[in-house]
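Visitor: Sequence:
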Amino acid sequence: MNRNGILLKEEGDEMCDFEEIERSLIEQLKKDFGTDEKKMKQHEEALIKLGELYRDHRKLNELAELIKKSLVFLKNFAKAKTAKIVRTLIDLFSSVPDSLEFQINVTKETINWATENNRIFLKLSLETRIIGLYMKEKQYSKALQLVDVLLIELKRLDDKFQLVEVYLLESQIYHAIKNIPKARASLTSAKTCANAIYCLPHIQTGLDLQSGILHAEEKDYNTAYSYFYEAFEGFSASSDPRTVPTIKYLLLCKIMLNASNDVQSFITGKVAQKHAGRDLDAMSAVARAHQNRSLADFEKALHDYKNELNDDPIVYSHLTVLYDTLLKQNLSKIIEPFSRVELDHISKLIGICVSKIEEKLSQMILDKVFHGVLDQGTGCLIIFDEPEQDATYNAALDTIKHMNTVVDLLQEKVNFFFL
1 MNRNGILLKE EGDEMCDFEE IERSLIEQLK KDFGTDEKKM KQHEEALIKL
51 GELYRDHRKL NELAELIKKS LVFLKNFAKA KTAKIVRTLI DLFSSVPDSL
101 EFQINVTKET INWATENNRI FLKLSLETRI IGLYMKEKQY SKALQLVDVL
151 LIELKRLDDK FQLVEVYLLE SQIYHAIKNI PKARASLTSA KTCANAIYCL
201 PHIQTGLDLQ SGILHAEEKD YNTAYSYFYE AFEGFSASSD PRTVPTIKYL
251 LLCKIMLNAS NDVQSFITGK VAQKHAGRDL DAMSAVARAH QNRSLADFEK
301 ALHDYKNELN DDPIVYSHLT VLYDTLLKQN LSKIIEPFSR VELDHISKLI
351 GICVSKIEEK LSQMILDKVF HGVLDQGTGC LIIFDEPEQD ATYNAALDTI
401 KHMNTVVDLL QEKVNFFFL
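Residues in the sequence shown are numbered consecutively from 1, following full-length UniProt numbering.
It is possible that part of the hints are untrue.
List of simulated lysine to aspartate or glutamate pairs, DMTMM-like, C-alpha gap at most 25 Å [unchecked claim]:
| # | residue 1 | residue 2 |
| --- | --- | --- |
| 1 | Lys333 | Asp279 |
| 2 | Lys306 | Glu342 |
| 3 | Lys333 | Asp311 |
Estimated spans, in silico, between C-beta atoms of each pair [as the list claims (entries may be wrong)]:
| # | residue 1 | residue 2 | range |
| --- | --- | --- | --- |
| 4 | Glu20 | Val72 | 39 to 45 Å |
| 5 | Asp367 | Asn404 | 24 to 30 Å |
| 6 | Asp98 | Asp385 | 39 to 45 Å |
| 7 | Gly269 | Asp158 | 41 to 47 Å |
| 8 | Asp158 | Asp304 | 50 to 56 Å |
| 9 | Asp385 | Ser317 | 22 to 28 Å |
| 10 | Glu19 | Tyr140 | 38 to 44 Å |
Derived by calculation from the structure, the hints in this document are not laboratory data.
Positions of the beta carbon are idealized from the N, C-alpha and C atoms, including for glycine.
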């Protein structure tokens, strides 16, 4: 038998196994369990196993249908048990690629069921979950509308555990839409609620991660590093998939603090070794480029590790700033000895196309980094000496400013006497 024949046989055997296991589990679910706790436990296990089977074979329609059908007999389970089973089944979608739409639709239908059957806490829990799903789908407006409604209900119930989660989600949404003051306010509210209760480790770690992200946005990279390290330790202890992204943020802070040597030390250390891979290789390449002040190496790293660097909005936004700073420093150093220089010459020295150089030099001139003009006719940059500041002119401006203040005060006194 040839190789293709062997593969087809293996696929056929796998399909037969799937159908056999599916049939067996469905038969188990059809049995009446009454009020027998042992049978109820077996029923629950069969339900979860069937869900996992559909997940492993990416049978999303079947998994969605299973959740809908399970709601009928889950009425007989205790409310807490029902909530746990439903959340577990919906969680199965999260490990399947391109399943976000399925998750949202199934969660919506389950929320409707929970509302109709007066399962308040299940409803609130699922609404918290769907906020996170809306955020992943970048439906920020819809997510914030639900946050407002949910916060009112949770405050009424004084459910601080869930309030922490919702405030944290709200902070993440505001950060995603670049409203940093509101993101900071929401995070403060989350921490206030967390201080009043025992906060579960995964929630506390989430708070640390968000704190690090917001401090990094404010360019406070030392504080951000401390929070990221706390988050890294928490995620690493629980084998959370967010461990590697958090390491990237740690290393990003070191790069932004001009401590690129520490990046290599951390990556080769024992702690990071078990997370070695392309993500850490990407940060190592960026650190080397930054250490060498090489724009060519920086661009090569961005190209070679496009998925690892560009797909993470947090890493990408800071690397964009870093690249811009590095480009500005390189250009300033190159043009320093010249009074007139061709853009083509700068392009050869720096290894970047003329159009990008022209755009950046124009911005630097407007920002008054140096004084000069771009002669597009000849393709040259003409650099002027910095004009001397006229002390008399500045003194005259100060005098006029003080005279304005005196006149305003006199006007106030005159108005007072004529009242």
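Visitor: Hint by hint, which ones does the structure fall short of?
Guide: Hints 1, 2, 3, 4, 6, 9 contradicted; others consistent.
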